[in-house]
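What follows is the residue order along each chain.
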Amino acid sequence: MTDHAVIAPSEAGILRSYIYDPKFRGIFFQLLTLITVVVVGWWIFDNTVENLARSGTASGYGFLRGRAGFDIGQALIPYTSDSTYGRAIFVGFLNTVLVAVFGIITATFVGFIIGLGRLSKNWLIARLCTVYVEIFRNIPVLLIIFFWYKGVLDSLPQVRDSIALPFNIFLNNRGLAFPRPIWGDGAWLIPLALVIGIVATMVVARWAKQRQIATGKQFHTVRAGIGLIVGLPFLAFLAAGAPLTFDYPIAGRFNLTGGTRILPEFVALYLALSLYTASFIAEVIRAGIRGVPKGQSEASFALGLQPSHTTRLVIVPQAMRIIIPPLTSQYLNLTKNSSLGVAIGFPELFSTTSTTLNQTGQAVEAISIMLTVYLAISIATSLFMNWFNAKMALVER
Amino acid sequence: MKKTLLSAAIGAAVLGFASAASAATLDNVKSKGFVQCGVNTGLAGFAAPDSAGNWTGFDVDYCKAVAAAIFGDATKVKYTPTTAQSRFTALQSGEVDLLARNTTWTISRDTALGLNFRYVNYYDGQGFMVPKSLNVKSALELSGAAVCVQSGTTTELNLADYFKANNLQYNPVVFEKLEEVNAAYQAGRCDVYTTDQSGLYAIRLGLSNPDEHVILPEIISKEPLGPAVRQGDDQWFDIVMWAGYALVQAEEFGITQANVDEMKNSTNPDIRRFLGVEKDTKIGTDLGLTNEWAYNIVKGVGNYAEVFERNIGQNTPLKIERGLNALWTKGGLQYAPPIR
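Keeping their order, the protein sequence lines are chains A and B.
Residues 1 to 397 (the numbering used here) make up the first sequence, in order.
Residues 1001 to 1340 (the numbering used here) make up the second sequence, in order.
Honestly, the hints are just simulated from the structure, not real lab data.
One or more hints might be untrue.
[What the hints assert, rightly or not] For the chain B half of the interface with chain A, some residues (derived, Cβ under 7 Å), not all of them:
| hint | residue |
| --- | --- |
| 1 | G1033 |
| 2 | F1034 |
| 3 | A1165 |
| 4 | L1200 |
[What the hints assert, rightly or not] Below, computed lysine to any residue pairings styled on SDA-like, alpha-carbon distance capped at 25 Å:
| hint | chain 1 | residue 1 | chain 2 | residue 2 |
| --- | --- | --- | --- | --- |
| 5 | B | K1264 | B | I1283 |
| 6 | B | K1177 | A | I163 |
| 7 | B | K1164 | A | F90 |
| 8 | B | K1137 | A | F147 |
| 9 | B | K1164 | A | I139 |
| 10 | B | K1264 | A | G73 |
| 11 | B | K1164 | A | F146 |
| 12 | B | K1177 | A | L94 |
| 13 | B | K1132 | A | I163 |
| 14 | B | K1177 | A | G73 |
| 15 | B | K1319 | A | T260 |
| 16 | B | K1282 | B | A1024 |
| 17 | B | K1222 | A | S81 |
| 18 | B | K1282 | A | F146 |
| 19 | B | K1319 | A | S339 |
| 20 | B | K1164 | A | P78 |
Fair warning: this is a prediction, and the values are worked out from it, not measured in the lab.
Using N, Cα and C, we set each Cβ at its ideal position, and we do this for glycine too.
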């Protein structure tokens, strides 16, 4: 470095010193990258606008206020063919969120069990869990979705030969129909009681922890919590005079009418996504637990903690720090894979938006909406998981 | 040029836009040596690959007619199978030169989608198919039924309108691909299958037990099916549309694939003009083609009646009657403007 400074500054020398200057080089390449990105981005935008103008198609987002005119098989909010395209897309969005949330919960649960199972000392359990992981991890998720869907359609009976289960529940290849609860007057007491129960449980848990720190005495927080969260709403239900009736599914000429129905498309997509993602989560869990040094459990045993306490208080908290970041990726994958539901006709975001696209011809707009929504869902999930990760991270003293 | 290339590369990846819709489609087609034709992914009688992998069908013959008009060779066609969802994007982006895919002509497709329709190769209407075992006699009895339908079609919209107008309830079961709708209907996921009646006939053939399904008498919509091209290229539009009218006109003149050479010696000036043997005729060259264009079409695929009977008529498994698609002289709607 000092060599350059001594040499008399000729023109070539100055240029050379710039080339070898790490700071200048850094700025130069960053600028080059930025310019490339901006130019390419502008190019795409400009070409799209130009091609759209040339093809004579309508553009803009005004079409979202137009009447959709098509029906959707499963809607969580009131929707008819008179609703707008915007609402149709929103119905799809809610269905995507529904399957993603249920899928994530189930996949985490199953993944945890399988992941722990692979670490089991029981030969049979460990091998069965390995077989599960290897099967589901190595088959494309679309195939698993089709497997469940064809499985549901072909193995369950036709609607006129429905399997009648207790409590007026019917199962056939058009889904699971069960009585829909209709809440009467005073039903608002029940959710109120539930909220009170949850808050009270939190208070009790706090008190129990402080008492344990102060006196060392333990308190059965879980039992008290269940009593509060289940018992209080139940008392409220009785106090309000049991304001509950049911709308039962009845066999009509073609279908079961009335009641609530879970569509086979939903079940197939939900099962496929859950079981597929669970195989990856199992591996993440196993890696996380293996990642905790053996000395930790040895030290814990040496202190006289029981095996269950060792797992719960020593191993899992440390394993979580390894598990959470890759777990986030799995959650995002599951959410994005839900768009494959279009293949079996589940009306999720991709499905309703592409129907809208086709009815209106607004390809660029519809795809930009999908991109934005999926991005927003993913970023929201990431933010939540980052927050959770920060909370679980090792607090250094 | 560079711009088009880049937009092709990036646009294809990002937005599914293959290339800019350029103005002179005919020149483009001539220079590449074939017509790129968007067809159905598989609808018996209309467009489906046979056991040897060759595309055949009513719509496919239409693509061949256009190729024959341009090149004098009906085989110079390449086919792009398109779904109900992808068909318009494929055409708008220039991936296909024309769309001959049992597509309904509507005003919004003509305007907002930037397409052009004019010639109708098949006058259709939407119908319903149900299993015989349900004992349904009329569509008005269908309240409460689960209905299978393909998404993104006019069918889907007509269905919603019809049930709403008649105050009937239904559960839509919607798939993007025809094959999936068929499979769901076959599996009993729904009670009713709805699409254009011609399509129902074709689909019924593909079921494992065609005799156990019945097509209801109601026709709930007008479905004029025809080829479409992009807006903004009138010459190409004219060629594609007049190729269709040439088929109809040939039937009216009684010119067939077999007798077309003989007809060249006809003394009827209308026929002589049509086949390009009248002196100083400019009809073909004004289209941007040769004066033998109509001769080539008939030589290549026959007239409208021959195309109809070969693919979907009484001697085929579909057994569709001419009905609305008879010539105007026989009480149908097939009518070609004068070719002179």
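Against the structure, the hints come out as follows:
1. G1033: 25 Å, violated
2. F1034: Violated - the Cβ of F1034 (chain B) stays beyond 7 Å from chain A, reaching only about 23 Å at its closest.
3. A1165: 11 Å, violated
4. L1200: Hint on L1200 (chain B): violated, closest Cβ of chain A at ~18 Å, above 7 Å.
5. B:K1264 to B:I1283: 16 Å, holds
6. B:K1177 to A:I163: 30 Å, violated
7. B:K1164 to A:F90: 22 Å, holds
8. B:K1137 to A:F147: The given pair, whose Cα atoms are some 36 Å apart, is violated under the 25 Å limit.
9. B:K1164 to A:I139: 43 Å, violated
10. B:K1264 to A:G73: It is violated: about 59 Å lies between the C-alpha atoms, which goes past 25 Å.
11. B:K1164 to A:F146: 32 Å, violated
12. B:K1177 to A:L94: Holds: K1177 (chain B) and L94 (chain A) sit about 23 Å apart, inside 25 Å.
13. B:K1132 to A:I163: 23 Å, holds
14. B:K1177 to A:G73: It holds: about 17 Å lies between the C-alpha atoms, which stays within 25 Å.
15. B:K1319 to A:T260: 43 Å, violated
16. B:K1282 to B:A1024: 21 Å, holds
17. B:K1222 to A:S81: 20 Å, holds
18. B:K1282 to A:F146: 58 Å, violated
19. B:K1319 to A:S339: 40 Å, violated
20. B:K1164 to A:P78: 16 Å, holds
In summary, the structure is inconsistent with hints 1, 2, 3, 4, 6, 8, 9, 10, 11, 15, 18 and 19 from the numbered list given earlier, while agreeing with the others.
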